[in-house]
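Asker: Protein chains in written order, with the working numbering: chain P, 12 to 182; chain E, 12 to 182.
Bear in mind the hints are in silico, worked out from the structure with no lab data behind them. There's no promise every hint is true.
To be verified - Simulated pairs of lysine-lysine, DSS-like, Cα-Cα distance not exceeding 25 Å:
1) P/Lys135 with E/Lys167
2) E/Lys178 with P/Lys156
3) E/Lys98 with E/Lys135
4) E/Lys53 with P/Lys41
5) P/Lys53 with E/Lys60
6) P/Lys167 with E/Lys151
Residue strings, one per chain:
2 protein chains.
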Amino acid sequence: MGIACVFTGKGKGKTSAAFGMAVRFLGYGKSVVIVQFLKGRKTGELLLKKNLPGFEIVQFGSEDFVDLKNPSKEDIEQAKEALFYAKRLLTRSYRPDLLILDEVNVALSAGMIEEREVLELLNKLPDKTNLVLTGRGATKKLMEKADLVTEMRDVKHPFKKGKKAEKGLEY
Amino acid sequence: MGIACVFTGKGKGKTSAAFGMAVRFLGYGKSVVIVQFLKGRKTGELLLKKNLPGFEIVQFGSEDFVDLKNPSKEDIEQAKEALFYAKRLLTRSYRPDLLILDEVNVALSAGMIEEREVLELLNKLPDKTNLVLTGRGATKKLMEKADLVTEMRDVKHPFKKGKKAEKGLEY
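For reference, chain P alone in the conformation it holds in the complex (with noise of 0.2 Å):
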């Protein structure tokens, strides 16, 4: 069984650390999918895509930011969605090596989507399919059931300190 791993907390990191595995599997050869849940907008790594052979990233959201106390009927279809193209994924002969599901736990967190599925997704994880699931708020039924758990603890933030989002930075 691949290793599923969580990046959870309010630091910066979680989608970057994500990405920077996927970076690594690609220079072996292996192939990645990155399913991203609540996103619909244009970012650095979208753009790279073209570059890299076996990598494969797709969004499931709307251009604009999710309102995440209430979400709205679309932004819940579209979550689900992402859920269920992951699902389907790992069933397929052909799976990636490695499977990221970018801001999953927000989407859970927010109610948008069931943990029973989430967790089903990690109790039937294929031989040689490792999962990352990013994002804060991961619950706790899922970091018992994951291999790997990081904390990306806010220790000092910048905008914060009322510096502007910037670019590759951020987003």
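Go by the hints and put chain E onto chain P.
Answerer: Chain E alone, transformed into the frame defined by chain P:
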């Protein structure tokens, strides 16, 4: 002045987060140089270099792991050279948009390089260059000086449970 980020702590994801940021910068057509301290081994990231224009990765270290309690004279020289190289980079007219000093915190806490010199690098950080310092054991002064600090907290690690390190996941 660029932004200085520190990824420290015992958890997994420090180097990965730095590489993820690199990918994002490259996606926006920006330039990235990664200077690796204490590393002379082929890693997944290294193998990708040819696919990514604007990306430079330079290793200073031997193929063997460094004995941090008793680093060899050669190891110390290599670490000093890495820092010297980084400093030189920042004085060039063609400076990278992102400079990553991978594992510099480890070299520093092992006494292989001078804290004063690393702090000087932060103090003299040019406008358009952002800096990322990775590795466990970041010093207090470094964290005070940096704009962004994330501590990767090791909540759960599979290799404690006896699972083997795997290509792509760990190196």
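Asker: All hints, please: hold or fail.
Answerer: So, going through the hints one by one against the coordinates:
1. P/Lys135 with E/Lys167: 20 Å, holds
2. E/Lys178 with P/Lys156: 22 Å, holds
3. E/Lys98 with E/Lys135: The given pair, whose Cα atoms are some 9 Å apart, holds under the 25 Å limit.
4. E/Lys53 with P/Lys41: 16 Å, holds
5. P/Lys53 with E/Lys60: OK: lysine 53 of chain P and lysine 60 of chain E at ~23 Å, within 25 Å.
6. P/Lys167 with E/Lys151: 12 Å, holds
When held up to the earlier numbered hints, the structure conflicts with none and fits them all.
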